[in-house]
Every structure is written in structure tokens, then in C-alpha cells.
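Chains as they are written, first to last, in full-length UniProt numbering: chain C, 1 to 308; chain U, 1 to 294.
Hints in this document: simulated from the structure, not taken from any laboratory.
Treat the hints with caution; some may be incorrect.
[Said to hold, decoys possible] Within a straight-line C-alpha distance of at most 27 Å, the following computed BS3-like cross-link-like pairs (lysine-lysine) qualify:
| hint | chain 1 | residue 1 | chain 2 | residue 2 |
| --- | --- | --- | --- | --- |
| 1 | C | K47 | C | K159 |
| 2 | C | K260 | C | K159 |
| 3 | C | K119 | C | K81 |
| 4 | U | K132 | U | K175 |
| 5 | C | K30 | C | K260 |
| 6 | C | K260 | C | K58 |
| 7 | C | K218 | U | K102 |
| 8 | C | K119 | U | K175 |
| 9 | U | K142 | C | K119 |
| 10 | U | K102 | C | K141 |
| 11 | C | K121 | U | K102 |
| 12 | U | K152 | C | K81 |
| 13 | U | K132 | C | K81 |
| 14 | C | K190 | U | K152 |
| 15 | C | K57 | C | K47 |
| 16 | C | K260 | C | K57 |
| 17 | C | K164 | C | K47 |
| 18 | C | K30 | C | K121 |
| 19 | U | K152 | U | K142 |
| 20 | C | K58 | C | K30 |
| 21 | C | K58 | C | K159 |
| 22 | C | K30 | C | K81 |
| 23 | C | K121 | C | K141 |
| 24 | C | K121 | U | K132 |
| 25 | U | K132 | U | K264 |
| 26 | C | K57 | C | K159 |
| 27 | C | K58 | C | K164 |
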Amino acid sequence: MAAAVCPCRALLGGRRRLLRAFTRGLAASKETHFGFQVVSEEEKGEKVYQVFENVAKKYDIMNDSMSLGMHRVWKDVLLHKMNPSPGTLLLDVAGGTGDIAFRFINYVRSVRERQLRQKLKHHQNLSWQEIADSYQEEAVKPLGDSQVVVCDINKEMLKVGRQKAQQLGYSEGLSWVVGNAEELPFGDEKFDVYTIAFGIRNVTHIDLALQEAYRVLKPGGRFLCLEFSQVNNPLLSRLYDLYSFQIIPVLGEIIAGDWKSYQYLVESIRRFPPQEEFKAMIEDAGFLKVDYQNLTSGIVAIHSGFKL
Amino acid sequence: VRCQLCPPARALQASATLRRVSDEHKKEPAASSSQHQFDSHPTDHQPEQEPRGPRPSYTGQGGQESEDYESEEQLQHRILTAALEFVPEHGWSAEAIAEGAKTLGLSAAAAGMFHNDGSELVLHFVSHCNTKLSEQLEQEQKLVQLGETEKKTTDQFLRDALEARLRMLIPYIEKWPQAISILLLPHNIPSSLSLLTSMIDDIWHYAGDRSTDFNWYTRRAVLTGIYNTTELVMIQDTSPDFEDTWRFLENRVADAVNMDSTAKQVKSTGEALVQGLMGAAVTVSTAARALRAE
Chain C
1 MAAAVCPCRA LLGGRRRLLR AFTRGLAASK ETHFGFQVVS EEEKGEKVYQ
51 VFENVAKKYD IMNDSMSLGM HRVWKDVLLH KMNPSPGTLL LDVAGGTGDI
101 AFRFINYVRS VRERQLRQKL KHHQNLSWQE IADSYQEEAV KPLGDSQVVV
151 CDINKEMLKV GRQKAQQLGY SEGLSWVVGN AEELPFGDEK FDVYTIAFGI
201 RNVTHIDLAL QEAYRVLKPG GRFLCLEFSQ VNNPLLSRLY DLYSFQIIPV
251 LGEIIAGDWK SYQYLVESIR RFPPQEEFKA MIEDAGFLKV DYQNLTSGIV
301 AIHSGFKL
Chain U
1 VRCQLCPPAR ALQASATLRR VSDEHKKEPA ASSSQHQFDS HPTDHQPEQE
51 PRGPRPSYTG QGGQESEDYE SEEQLQHRIL TAALEFVPEH GWSAEAIAEG
101 AKTLGLSAAA AGMFHNDGSE LVLHFVSHCN TKLSEQLEQE QKLVQLGETE
151 KKTTDQFLRD ALEARLRMLI PYIEKWPQAI SILLLPHNIP SSLSLLTSMI
201 DDIWHYAGDR STDFNWYTRR AVLTGIYNTT ELVMIQDTSP DFEDTWRFLE
251 NRVADAVNMD STAKQVKSTG EALVQGLMGA AVTVSTAARA LRAE
């Protein structure tokens, strides 16, 4: 009754309330997105940590079932594009379960073998001693001084990665470090290549992560990012949306027992900036010759930049 | 808006002074490269360069100063030039480019800027040789104009020009077959063909060819044929200082020049023959008419 008697008063009161809430919002911490939800920045970090803590044990199985095995091809393409030579120091950020690191080690090992074979071919008159020495060298330095450091903010993911490494027999040239992509625990200009595969969309401040990447890379070093991106084909885009929102969370529930985490996953993919925008962000961090390559019609894109 | 995201001053500078130019990248979507158009001269020519405006943060990049004052293309040229000395060992490949980058103080990962198969290295080398050849021919022409040397005959000129150009391959002759195969890859053919034709065109230009008829094409086609065949002879030549190759070259050029004069002779003979036949035909027809009239 009172509200009806003086509607204009109620309206004014309402507007004042809105204004108060607005200023309070501004004074509070900045907001960001967590999938399609809006959360504060501190919350996002925690929530992402929880997501990956929950999925860590089933991470690889889920990757295979969600992408129908395509993620292996994408990661192989990334390595082929990197084309590392023996002696390269790789920093794999958000590399939790070690997929990129293991592929790197395999690649470098085979390149090194080929190099040693070529060297033998060139030297026509080798004494038996020299041949034996070269085999020794191959045994002692199979990676040729290459090293990979796997850095992840989530201890559970790293744990799973270390177990995998033990199982598959990777021991040399591999280190596991806990660290935040926005504030890496490494000195300046230490690494030849910095990769971040399917990790950067989970970072709260992507620009800070890019700046850190710039900092830790040597001059001439390369930044490579493998990430889900915007599909450019309209028909495929509809199918992809259907698959993402209807099937993936269900798979998540069946296989990993966690619907929400996989809902977050597909939502975070939609929130990530498209190829050109991300390329501009990389250029802003100071990288040159920035370029991207679409895989599978844009479902995944590899962005590359150089610190020159 | 973008500036707010970049606290370090150098990144601010980079995005403020970058000029986006469309680029000849081979990747799927065309990338736009950003060029630093600070100075067209390479840094070693001007040791005391003045930076444009205040740029305090550049000094903190430890050895990278030189790179920031040149465009990316110039840096790429420098890397490729440095990579050439590793070609005899690693071939025309990404490894040679990686070694070249390392000598410039850059990480080996910088070789990722180029194609994995070493195409850019070969094309860079060929273009460099062609430029050197043009400069040499221009110098010779100046000397002739000043009257300091005699003008050469066409065949001597062609022989010397081709020999000079082929001699530039000698340091890399062992790996040259690999380079030829790289130049013949489908995605390289446009560039390699254009380099070849412009070189041949240059040589004919300095040889004094001013033809405006079909001769222009035949001359270039013939010389291209001579160059390619001589190159193939050279890569399997084991004689001291490639004597066999130069003799082969001499014979081919002589053939070509002979063919030219033979062609002219044939033409004039043919014309004379035709005229003779016409005369005979007229005589015969007149005689026949005279006989019929009787």
C-alpha cells in the first residue's frame, strides 16, 4: 500500500541503492570470468586450482575421449613446428602431466641420433677407438644437453606427470617445478623455447603470463601457445558447439565423475579471445613475427612469436 | 586500451611505433609483420646512432640494441648470411640456420622463423650471388666506358659473366645438388624462376642486347639453357679448377653464337632461293605462253 501511494519515492530509493551497490562493486576486487560465471580474480585462481585438482588423475583419459585422440596429433604438430635441435632448453608451462615434455625428449633424442649417424658417415677413415667413442657419446649424452622444465601451478597435475615419467622411463633432462605462470620462479633470459599447451586460458591475467614468457626467454627465443580457439567454418562451428555442450560434460560425469569441471572447460574455451585478438596480445608483450596456424579448422590454434 | 596492459616502457614503445605491413609468410592465414623502420643502414655503418626521441629502456636489453634498430627482414638477412658458413657441414637446412643464429648471439630457436627445409637459405644465397654479379658487370661496364679496358665480343662477355657467376658456387659445390633440388620444390619455383630470369636478363643487358623483337626471348631462353646445363656439368666435374666445365661453357656459347649467324645465313639463302625459283617460274610460264601462241 505504501509503495503504491508513492511510487516515485520507491523509484528514487531503488536508484540510490543501485548506486551504492555499484560503488561498492568498484571498490572491491576486479571481476573476471570463470567459464560463463562472473567471479572475482582471487576466486578464479582458486576455482581453477580445484578443477584441475579434481581432474588430475583422469586428465589423460578425458583428453583422449573428448578430443577422440586428436589432442595427440595437435601436440605432435606443435613439436614439429618447434623443430628443436639438441641443446635446446624448453620451459613447458601449465604442462602438468608432461605430454609436451615427453614428446620433446623423444624428438630431440631422434634428432641427436640422426646427427651422430651423419657425423659417422662423413668421417671415412675412423679408427675403431673413434667409433667406440662416438657410441659412448651417444650413450652418455642421448639428448645432447637438451633440457625441459615442466612448470605447473597445480601439485596434483605434477604428481601425475612424475608418475607417468617414471612409468614410461623418462628420467634425464626433465625437471618438475611448481610455479605460477603470472610470476615464474626463473631468472631472466634462461630458456630457448617457452610453450604453454591448453593452459593459458586458465590464467587469470593472460597479459602477465605473456610478459613473464618474454622475460624468461633468451634473445631469439620462441614463444609457442597451443590453445582452443574460434572455429571459422559455420557448419563445423554448430556441430562443435553441440558436441561441446551436450556430450563433453556427460563424458566428464561418466568417466571422471565430475560434470562441473568439464562444463567449466567448454565454457572457458568460448571465453578465450579469438586468434587475431590473442595475436595482438602477444605482440603487445613485445614478441615479433607473431603468427598463428589453425588446426582442425580452428578448433585449435598454435600461436608463435619470437623475442628479437 | 592496449597501452594500459603493458607496464614495461619498451613494450609501450614497441606497440606505439610498430607499423603493420602485410607480409609474405607462407603459413595458413596471412600474418602481418611489424617492422621497425628506424634506419635503412645496418648498424655497423653508423656506430653513433641517435635514437629517435627518449628511449631509456632499450639500453637494458643487453646486446639486443642492434636488433631493435633494424627491421625484422634485416635481422633475417643477417642470420641467413651467418648461416652460410655452416652449409658445407650441415647442408642447406634448418640446422645451418640455427648455427648461424647462434653465432649472432641469438638462441637456436630463432631458426623457427624460417621454413623447416632450408628454402629461404638457398634463395637468399642465390639472390646474393645475383647481386654480386650485377655489381661486377656494372663495374666492368664503367671501366669500358672510361676507356680503361677493351670492349669484349659478345661470346667472350657471356662466357666471362657465366663463369664469374658459377665460380660463386665453388665453396658450396658439394651441397649444391641439394640446393638445386630445394629450388625445384613446387612452392619455391616462382621465386627461383624469377631469380634465374632476372639474372639472365641482367647479363644480356650488360652484354649490350637492345633487341625489341622475338630475339629478346630466344636470346634469354638460349642463355638460360646454357647456364643450367653448365651448372649440371659443374656439380659432377672433378677436373682441377673445373677446367672441363669452362671448356663446356665455351663450346656452348660458341654454338649459340654460331647458330645465330647460321640462322641469318639460312634466312638470306632461303630468300635467294625463293627469288631464284620465282624467276625460273616466270621464265617457264613466259616460254610456255610463247610456244602456245605459235
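Item checked: Distance restraint between C:K121 and U:K102, which requires alpha-carbon spacing of 27 Å or less -> 25 Å, holds
Next item on the list: Mind checking the alpha carbons of U:K152 and C:K81 for me, to see if they're no more than 27 Å apart?
Entry: 52 Å, violated
Notebook entry, point to check: Given the hint that C:K57 pairs with C:K159, does the C-alpha gap stay at or below 27 Å?
Noted result: 9 Å, holds
Check: Is the hinted pair C:K218 and U:K102 satisfied, with a Cα-Cα distance of at most 27 Å?
Finding: With Cα atoms ~11 Å apart, C:K218 and U:K102 stay inside 27 Å; holds.
Margin query: Need the status of pair U:K142, C:K119: alpha-carbon distance at most 27 Å?
Written below: 48 Å, violated
Check: Does C:K30 pair with C:K260 here, judged by a C-alpha cut-off of 27 Å?
Finding: It holds: about 24 Å lies between the C-alpha atoms, which stays within 27 Å.
Notebook entry, point to check: CA of U:K132 to CA of C:K81, is that 27 Å or under?
Noted result: With Cα atoms ~34 Å apart, U:K132 and C:K81 exceed 27 Å; violated.
Check: Under the criterion that the straight-line Cα-Cα distance not exceed 27 Å, is the pair C:K260, C:K58 satisfied?
Finding: Between C:K260 and C:K58 the Cα gap is close to 14 Å, so the pair holds against 27 Å.
Check: If you draw a straight line from the CA of C:K121 to the CA of U:K132, is it 27 Å or shorter?
Finding: The hint is violated at about 35 Å.
Item checked: Given hint C:K121 paired with C:K30 - CA-CA distance at most 27 Å -> 62 Å, violated
Next item on the list: Would you check the hint for C:K260 and C:K159, treating anything up to 27 Å between C-alpha atoms as holding?
Entry: 23 Å, holds
Notebook entry, point to check: Is the hinted pair C:K58 and C:K164 satisfied, with a Cα-Cα distance of at most 27 Å?
Noted result: Holds, at roughly 12 Å.
Comparing the model with each numbered hint stated earlier shows that hints 9, 12, 13, 14, 18, 20, 22, 24 and 25 do not hold.
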